[in-house]
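Novice: Take a look at the letters that make up each chain.
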Amino acid sequence: MGKLGGYAGKILKVDLEQKKIYKEPLSDNMISRFIGGLGINFKLAYDNVQPMEDALGPGNVLLFGAGPFVGTLIQGACKTTVVAKTPVSGFLGITSTGHLGMLKFTGYDNLMVTGKADRPVYLKIDDDVEICDAGDLWGKDTWETTEALWQKLGKQYVVACIGPGGENLAVQASIIVNKYSAYAQSGMGAVMGSKNLKAIAISGSKSINVADPGRFTELIDKAYQQTIGSQKEIISGFRKWGTLGALGPPISEFGPNEYKNYTEIFPADPPIPFPFDRFISEIKIGDISCMGCSIGCKHLIRMLKGENAGNSMAVSCLVGGMHGFAAHCAIEGWENAIRCDELCNRLGMDYLSTGSALSFAIELYREKIIDKTDTEGLELDWGTAEEVQELLRQMASGQGFGKILAEGLIKGPQLIGKNSENYAVHSRGHAVYYDPRRGGVAPDLFSIMLNAEGGRFHSPGWAGGVMTKVFLERHLGMPSDYAEQAIADLEGFGLGRFAKWAEDNATMFDCLGLCQMPMHQQVELSVWAGLYEALTGININGEMLLQAMGRVWDVRRMFNLREGRTRRHDRFIAPRFVSERLVSQNKDYDPVSEEKFDVLLTQYYKERGWDPSEGTVPEARRKALGL
Amino acid sequence: MVGSPIKVKAVNCSGCLRCALACSFYNTKERVFSFAESQIVVRPDENDAWFNIEFREDCIACGICVDHCDFGALTWE
Ligand code: SF4
Ligand code: SF4
Ligand code: SF4
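Here the protein sequences come in this chain order: U and F. Each step along the first sequence adds one to the number in the working numbering, with nothing skipped, and position 173 is 164. Each step along the second sequence adds one to the number in the working numbering, with nothing skipped, and position 66 is 74.
These are computed hints drawn from the structure, not numbers from a lab. Among these hints, one or two may not hold up.
[Said to hold, decoys possible] Straight-line alpha carbon distances no greater than 25 Å define the calculated SDA-like cross-link-like pairs of lysine to any residue that follow:
| no. | chain 1 | residue 1 | chain 2 | residue 2 |
| --- | --- | --- | --- | --- |
| 1 | U | Lys131 | F | Asn55 |
| 2 | U | Lys296 | F | Lys37 |
| 3 | F | Lys37 | U | Glu209 |
| 4 | U | Lys(-6) | F | Thr36 |
Keep in mind it's a predicted model, so treat the numbers as computed, not measured.
Looking at chain U on its own, in the form it has when it is part of the complex:
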């Protein structure tokens, strides 16, 4: 066996309070138990955040983690995850992007930031690690901040920073990388702001080793063939439209684009105010890709309105902006929707959670629960682009009615009172991605309801694959008899039970550093395991990888239980979904049955090996993990 490959081999710990920097080895024990990226972030969060700590207090930690695959030529190996106790729900929050892989080239797999600086600072990580003064950057938007740091340090630095949203602790605040790529949901921008940490600038000159280059080369070709080579047409369509494809069927049928704060169905059939041909002819300039990905589902687009009209802007998830503003707030026309996205990028605010809070405000205004005296003169209604943008600015700057919305969909309604919580559509405070009344409960959707604690794809399961026995066995790693039963009768097998397998697959991606888009799920588990062996030199097989995912979920569960998580939290809380029908466009959907969901929840707990009533982790397993 050659030298350790894949891993950089160290964890960087920065204590902003004491102004101390620690470089610690990434232990074999940590690697074998939690693999990397998300898994190691979870364990570090468990070990370093005291129970019931304030998410926006100095006791929270901000963790960045790049899995062993990141920074290599494995197709789609780009995702770094950010984890912290989220101010949105108070549980363990997760978000990821494909543009911070540079961390690995500085010699660190994970970065942990603790404490709070006594003044605004930024972190410069290259051959050295330095905590630098950011007094002149505080108050700047994310574009200005990034440009200022590029000017000062050079464009070889990847810059992850917060805007006014994070500085002012808006729970919708994001962290923006190189001016466009977002650690979007879960309020990680606010956690960063609470530490007085304005930016992290990273440039690495180190190398990533490969233990067995010959076998590795063979397997990267195989993984490339299974993702790109065998689905050329799908890939080219996906590159052209990116996530915008979710505006149409079949994904739109699950209700991801719900209109007007989930009171209607988005009119996806013409005449929609977003002509697709115009997107291609006037708006899209080019493709943008994550590190190491040949797909390129992100866009370089032209801004059409505002002081930057005519200039270009890269966007990472365009459909997020469409959900947040076009669907939830009923903003019309590309000009206005893109302007909202631009403001979000610059102010460091997440598209979906910001749009969700704004649509909640619009509905309150229409229902006369709030009025002009609350909004300081802003007259809100569906599609009022200017007013929505003004309120968005207020959310980021902590002013006016925006300050209340910036508290999120749990605390915001408490401050407003008057039963306003009945209009807040969220899941443990997180903006919701789809309407369960319309989408029903499928294993992946069940998982989102239960476990989404941030990004749509991050860690809830998504078996974007095909329901065939071969897929379940070779890709999800299900035992043959399980796969047979699930194919014959999924309901009989148990949707909740199935969800565990889909989740473990998705979580493995987050630990290795892979993109969860469905084409990557076309790669067989044995190929991922083989790649891991060839890259790192550590023996493993698919079954062992999945066992590690069980441990990763145990740690996450333990963190959340310690924060008071109970069975009651494991569901959608939005009153609208359980008490109101959705009647729109000649369609009529029932509210979600809580009883039915409860049955699936018990199946799920059992399949995870947790206590079937409260989902606690058995003592023996806790002890084995040192929890």
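Given chain U's structure and the hints, the job is docking chain F with the ligands onto it.
Specialist: Just chain F with the ligands now, with coordinates in the frame of chain U:
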């Protein structure tokens, strides 16, 4: 490399960095991934070409970067 036969069309570049990763992996004796060792450098630009592409002095015009570019940003002249 001065006068590289590789033609750059920066407007097509997606910033995927596969060219740079491949250059270092296939051309270093130690078979490592490294931006410091790569002879092709891709950096942010911020115009209609969002990235700027340059070759370093020790580029041997082997074309491995061209083979790994799926966006048509690198082609043979
Ligand atoms: S498919 Fe899209 S999100 Fe996934 S790695 Fe490629 S560019 Fe990034
Ligand atoms: S031509 Fe070869 S040496 Fe030159 S940048 Fe491309 S891969 Fe590297
Ligand atoms: S030149 Fe091609 S391979 Fe290199 S970053 Fe640009 S798109 Fe990717």
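Novice: Please go over all the hints and tell whether each is borne out by the structure.
Specialist: Cross-check of the supplied hints:
1. U:Lys131 - F:Asn55: Satisfied, since the Cα-Cα distance of roughly 21 Å is no more than 25 Å.
2. U:Lys296 - F:Lys37: violated (51 Å)
3. F:Lys37 - U:Glu209: Roughly 18 Å between the alpha carbons, so the hint for F:Lys37 and U:Glu209 holds.
4. U:Lys(-6) - F:Thr36: holds (16 Å)
Taken one by one, the earlier hints fail for this structure only at number 2.
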